[in-house]
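Using the hints, put the two chains back together into the complex; each one sits in its own frame.
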Amino acid sequence: MAGEGEKKPVLEMVQADGADEGCVTFVLHNEDHTLGNSLRYMIMKTADVDFCGYTITHPSESKINFRIQTRGSIPATEPLRSGLNELSDVCQHVLNTFQARVNEFKERQEEPME
Amino acid sequence: MAETMNIVEEIRNRVILGEYNVKNNFRIDIVHLDESTMEFDMVGIDAAIANAFRRILLAEVPTMAIEKVFIYNNTSIVQDEVLAHRLGLVPIKADPRLFEYRSTGEASAEEEGSEIDTIQLQLKIKCSRNPRATKDSADPRELYLNHMVYSRDIKWVPIGNQADVFADSVIAPVHDDILIAQLRPGQELDVIMHCVKGIGQDHAKFSPVATASYRLLPDITLLEPVEGERAERLKRCFSRGVIDIQDVAGKKVAKVVDSRLDTCSREFLRHDDLKNAVKLARFRDHFIFTVESTGILPPDVLVTEAIKVLMVKCQRFLSELDSTDLE
Numbered sequence: 023m024a025g026e027g028e029k030k031p032v033l034e035m036v037q038a039d040g041a042d043e044g045c046v047t048f049v050l051h052n053e054d055h056t057l058g059n060s061l062r063y064m065i066m067k068t069a070d071v072d073f074c075g076y077t078i079t080h081p082s083e084s085k086i087n088f089r090i091q092t093r094g095s096i097p098a099t100e101p102l103r104s105g106l107n108e109l110s111d112v113c114q115h116v117l118n119t120f121q122a123r124v125n126e127f128k129e130r131q132e133e134p135m136e
Numbered sequence: 052m053a054e055t056m057n058i059v060e061e062i063r064n065r066v067i068l069g070e071y072n073v074k075n076n077f078r079i080d081i082v083h084l085d086e087s088t089m090e091f092d093m094v095g096i097d098a099a100i101a102n103a104f105r106r107i108l109l110a111e112v113p114t115m116a117i118e119k120v121f122i123y124n125n126t127s128i129v130q131d132e133v134l135a136h137r138l139g140l141v142p143i144k145a146d147p148r149l150f151e152y153r154s155t156g157e158a159s160a161e162e163e164g165s166e167i168d169t170i171q172l173q174l175k176i177k178c179s180r181n182p183r184a185t186k187d188s189a190d191p192r193e194l195y196l197n198h199m200v201y202s203r204d205i206k207w208v209p210i211g212n213q214a215d216v217f218a219d220s221v222i223a224p225v226h227d228d229i230l231i232a233q234l235r236p237g238q239e240l241d242v243i244m245h246c247v248k249g250i251g252q253d254h255a256k257f258s259p260v261a262t263a264s265y266r267l268l269p270d271i272t273l274l275e276p277v278e279g280e281r282a283e284r285l286k287r288c289f290s291r292g293v294i295d296i297q298d299v300a301g302k303k304v305a306k307v308v309d310s311r312l313d314t315c316s317r318e319f320l321r322h323d324d325l326k327n328a329v330k331l332a333r334f335r336d337h338f339i340f341t342v343e344s345t346g347i348l349p350p351d352v353l354v355t356e357a358i359k360v361l362m363v364k365c366q367r368f369l370s371e372l373d374s375t376d377l378e
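Chains as they are written, first to last, in the numbering used here: chain Z, 23 to 136; chain B, 52 to 378.
In isolation and in its complexed conformation, chain B is listed as follows (with noise of 0.2 Å):
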């Protein structure tokens, strides 16, 4: 009972000790950045607010991507909807904060959409047979031409003014080897695709990172010396590089030197020397983020627009308030 209340306790005054935690304490330590993949830390922030841009960071970053595939003919052995479905999670490189929402249901259904909100995107390609192959050779690659259709035989094509708009970027797929159907001579595909500005939360295609998650970091704690062979074991419990052995007055002694690199296994726990030798909790403000981009944006572009997001939100709600109150 006293150990609730202490928790209790605890969970109480961590709300207030918060109120001066976010100006003062709290801290962003970039470890990793390159164009797909980021990590850092964020000390001193509430996991509530933590786990809000995560949430946005999976669905509610919008990207373009295919949404109409206007198909003139498909003669391969894919069905229409499953190609149309496959060219829907084809990511496409053009950035979204360039083009603007496809207003719904306005215009008629049948609008074909503006240069400001649509991409347009073409597939022709027909498979045939290799005239110069030998005559022996099995392999498909000698025998026919075109017979694996890959994302780099998708092309823009221009509406309106976006020829010059984007004059100096091409609009394409991120990766030229996403491999959409196979065909065999005679087999042609000829597809129109429109792409739409979206969220992730309307459908997975429109998310703009492969993951986003973070762990909190591990706190290891030894509750008294380890010495010698248990000092041994100790290290073989936990993951390499966070305890290390030194040389104290000759005897052998653990410490812990990296938690951050722990997976916290609990491996110590079913030794029963060790188990009480060791406390392992985490560090209830410092999250680990890892962002892991499909390519569409860079990853610290993306964590700035989710936070971007949420200012919107907040000030959606703030403008509702306010003109409801003038009433």
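Pulled out of the complex, with its shape left as it was, chain Z reads as follows (with noise of 0.2 Å):
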């Protein structure tokens, strides 16, 4: 499975064992450790994953490796796609916080001129 046949891809799947689905290194491009390390993180506190990683293969291209290899063999999409989603979640429950608690500052604020 290679990115889609347009001008510029931005997920590509590199796999290094024919059969083996557990083990894919994708390529990501247009990124760099902002979605790298936060999507790693994420990712390896899934259960299955035996090894996560990503790497800058050069500081010059905005693109970044990302390897997944999952025990037992489950394809290497659903760490990916949950880690992903995961994240989502995660900054929805910072987003959410964070404008509640801006609100109540700004309501605190205005109390003693009134």
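Please note: incorrect hints may appear among the correct ones.
Unchecked claim - Calculated pairs, DSSO-like style, for lysine-lysine (alpha carbon to alpha carbon, straight line, at most 27 Å): (1) Lys144/B - Lys128/Z; (2) Lys302/B - Lys256/B; (3) Lys206/B - Lys119/B; (4) Lys326/B - Lys286/B; (5) Lys256/B - Lys85/Z; (6) Lys286/B - Lys256/B; (7) Lys119/B - Lys67/Z; (8) Lys144/B - Lys85/Z; (9) Lys359/B - Lys128/Z.
Since the hints were made in silico from the structure, they are not lab data.
Just so we're clear, the structure is a prediction, and the values are computed from it rather than from any experiment.
This is the structure we're talking about:
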């Protein structure tokens, strides 16, 4: 499975082993440590992931090689998908908490003036 | 060897415990908030995600900035390219969420840009001699008119329907008093500028923060009671307000009051009798964020935009995964 046949593929899969779908290296274009490290952290917490790491092949090229190795015969796209979903959920939770606290703070600031 | 194994065990436990942390132990405390700066605490999150927010605040939250400068007349001593560079760095108070990115290279490169992706600004100023100056004054402020070109001289030229859309807010530089160039009589500047939407990764002029940083909350524990004259010296080793001397049964005893104020200079390690009495560490999941905005967007809006940028990144790859799976 390669990236789409468009001009600019955003995500590619490079499989090291033909039969084993559990060990895959993904190439994420236009990404760096911002997404790489946080995604790696979320995927490492998943139970059946044996190995998860990322590397920036060359600092002049903005792409990362993201490798996932799973235990058992689970396809590697599963932990990637769940990691992305969890990261999205964490961001949503942080956003809700932050906005609630900011509104609280602003209301508290207005009280002494009234 | 045993120490490294303990550290490895601690790291493993931290990652596993993190499973339960975010929904339960996570909290945000806002310490300070005004139009330009914000200080808040994020507790219970991992460094990877806190760092991702910091990186996005610096480089991936979009703003509007001057990109193309059309110089019709520049007889000042500031060179064209230097003037264009300085104009690009002036922060422009326009909400970037109301604009689109300019599509690259699809239309011809000469395309002037439409009303949804460009802001047009004009700087037209000419310096002349002041006819009302006294004969022997040497002060340039008296002798010349318009000899200092400030950012307040940059005027907005609405294109298309921008005059209606932005009827109640005037698009102008954030600060009035940024000095752009100096002129003498006879010199003039006639310049048209186009602002586009961009991100800090492309050029630092698009960065919406003066800076965004975080530090970890220090953890100061006294391993043994420190009394009398030692307590006085210990108090001087830390920043003011961190250690307080209390009177306990007639003796002066040192107590840690507020470790947040400490700058961790580790001065106590230089004193042989104090270095084993204190343990200095940091709370691994307590981040004290400081966000200073350049004025384009208020700092709390910047943080919410940064969190949304990270969510958009995740969604983009999720949709990529789904579309390649369907093939």
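Violating hint indices (sorted, rising): 2, 6, 7, 8
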